[in-house]
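For the protein sequence lines, the chains are A and B, in the order given.
When the letters of the first sequence are read in order and numbered with this note's numbering, they come out as residues 1 to 59.
When the letters of the second sequence are read in order and numbered with this note's numbering, they come out as residues 60 to 357.
Just so you know, these hints were derived from the structure itself, not from any lab.
Watch out, some of these pointers could steer you wrong.
What the hints assert, rightly or not - Using C-beta positions, here's what the derived DEER-type ranges look like:
id	chain 1	residue 1	chain 2	residue 2	range
1	B	Lys316	A	Ser34	48 to 54 angstroms
2	A	Ala38	B	Gln192	17 to 23 angstroms
3	A	Ala38	B	Thr228	21 to 27 angstroms
4	A	Ser34	B	Ala152	51 to 57 angstroms
C-beta atoms are modelled at their ideal positions from N, C-alpha and C, and glycine is treated no differently.
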Amino acid sequence: MSTEDIFPEEEGKPLDPSQRVRKKAIRRRLFTESDYEAFDDENLLEFDEDEEALIYLDS
Amino acid sequence: MFKNSSKAYRIYRKLTDEEKEILENKKLSGKHSIREWNHKLSHIAVMDAYADKARQGLLPMMFMGGIILIITFFIFLGEDSMVGFIIWGLLAAAFAMIIYLYRLFNKINVGNQLRLFVIPTLRMLSAKVGKRQRLEMDLNLAVANDQNYFESTVKDNNPENQRLRSMTTNSFRIPWLKAKVVLADGSLLVWENEDLVNERKVIKRHKGKRKTKYKIKHLAKIHLLMPKARYQLVEQPDATIQVYETNKHYALSLKGKEKTIRDPNVQGDMFKSMNPKYFIGLLIKAYQQVEPIQTQTA
C-alpha cells in the first residue's frame, strides 16, 4: 500500500506523529466541564484584609 | 487602622490620566487584546477592592471622630494650657483626613462587577482567545444603586407585615457589559450582562427603625456563532437553547439568571455580581449542544 493511499489528503506525505496529536487535540469542544472545575474562586479579586491583592497587578 | 485606605490611596495616586478618566466617566468602550484590557482595568479593580473595605471602616470612624471632637473641645476649653489645644488640633486634622478619604473613595467608587466578573472573565478568556484576536467591549462601571439608572418606585404605606409602618421599593436597571470576541475555535461569542436591582427600604413600627436591603438579579444573554466546518449539532438538543442555522454557522442563544442579596447592616456585605463560574457554566451548556466533527487525519 502506498503512502498516497494512507494519507490522500496530505498528498502522500506522512504526518509527523506529534502533528497528528495536535490535530486531534484541536478537535474538541472549546469549553468543557473541566473549565468549570479549573476555575478558581480566588480569581474573584475578593480578599481578606491581611491578604495582598496587589499581586494581581503583577500577573 | 488605615491599612486599606493607605493602599487604595497609594494606587489612586499612581493611576494614569487614562485610568482616572475611566473612573470619572465610569464607562469605557473599545476593541483591544485581552492583555490590553487587563492592563487598563486591573489597577482600578484592585484599588476599588481596597477602597470598598476602607469605606466600611471610615464610616464608623467619622461618627466616633465627630463625637470625640465635640467632647474634647469642651474639655480643653476650660484649660489654660496650650497642650490641650494642640491635641485638639491634631484630632481635628485626623478627622478632616477621614472625611477627605471617605468622600474621595465614594467619588471614585466603581461597580463590583469589575473585580468580581470582568477581570476574572478576562483571565478565563485569555486561554480561549487567540493572542491576535481583539475583544470588543462596552463596559459600564456604575454601582448597583446609581441614581442614573433608577427605573421606578413603589411605596406601600400599609404593608401586609404588621411590624412595618411603610415599605418603599426602588428599582434600578443597570446594563453593564456588551462584549464580542472571536474564540480560538473560530466561534464568535457575543454576550450582554445587566443587573436588575430592587432596593427595599422599610420603616418599622417599633421606634421607627429604618432598614434597607437589596435583591439583585444578574442577567446574561449569550449568542454563539459556531462554524459548521468544525461542529455538528448533537441529536438531543437542550430545549432552553435556541439554535438557528446559516450557511456556514450554527447560531446558539441562551440566557442565564443569578440572584443575590445585599444587607448593608451586615458588616462586610457588599454588592455581588454574576459569578464568572456561572457564566462559564452557560458557555459549557452551549458547547454541549454541538460535537466536534472528527476528521480522518485526526
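Here is how each hint holds up against the structure:
no.: 1; hint: B:Lys316 with A:Ser34: 48 to 54 angstroms; verdict: 25 angstroms, violated
no.: 2; hint: A:Ala38 with B:Gln192: 17 to 23 angstroms; verdict: 21 angstroms, holds
no.: 3; hint: A:Ala38 with B:Thr228: 21 to 27 angstroms; verdict: 40 angstroms, violated
no.: 4; hint: A:Ser34 with B:Ala152: 51 to 57 angstroms; verdict: 56 angstroms, holds
Hint compliance for this structure: hints 1 and 3 are not met, and every other hint is.
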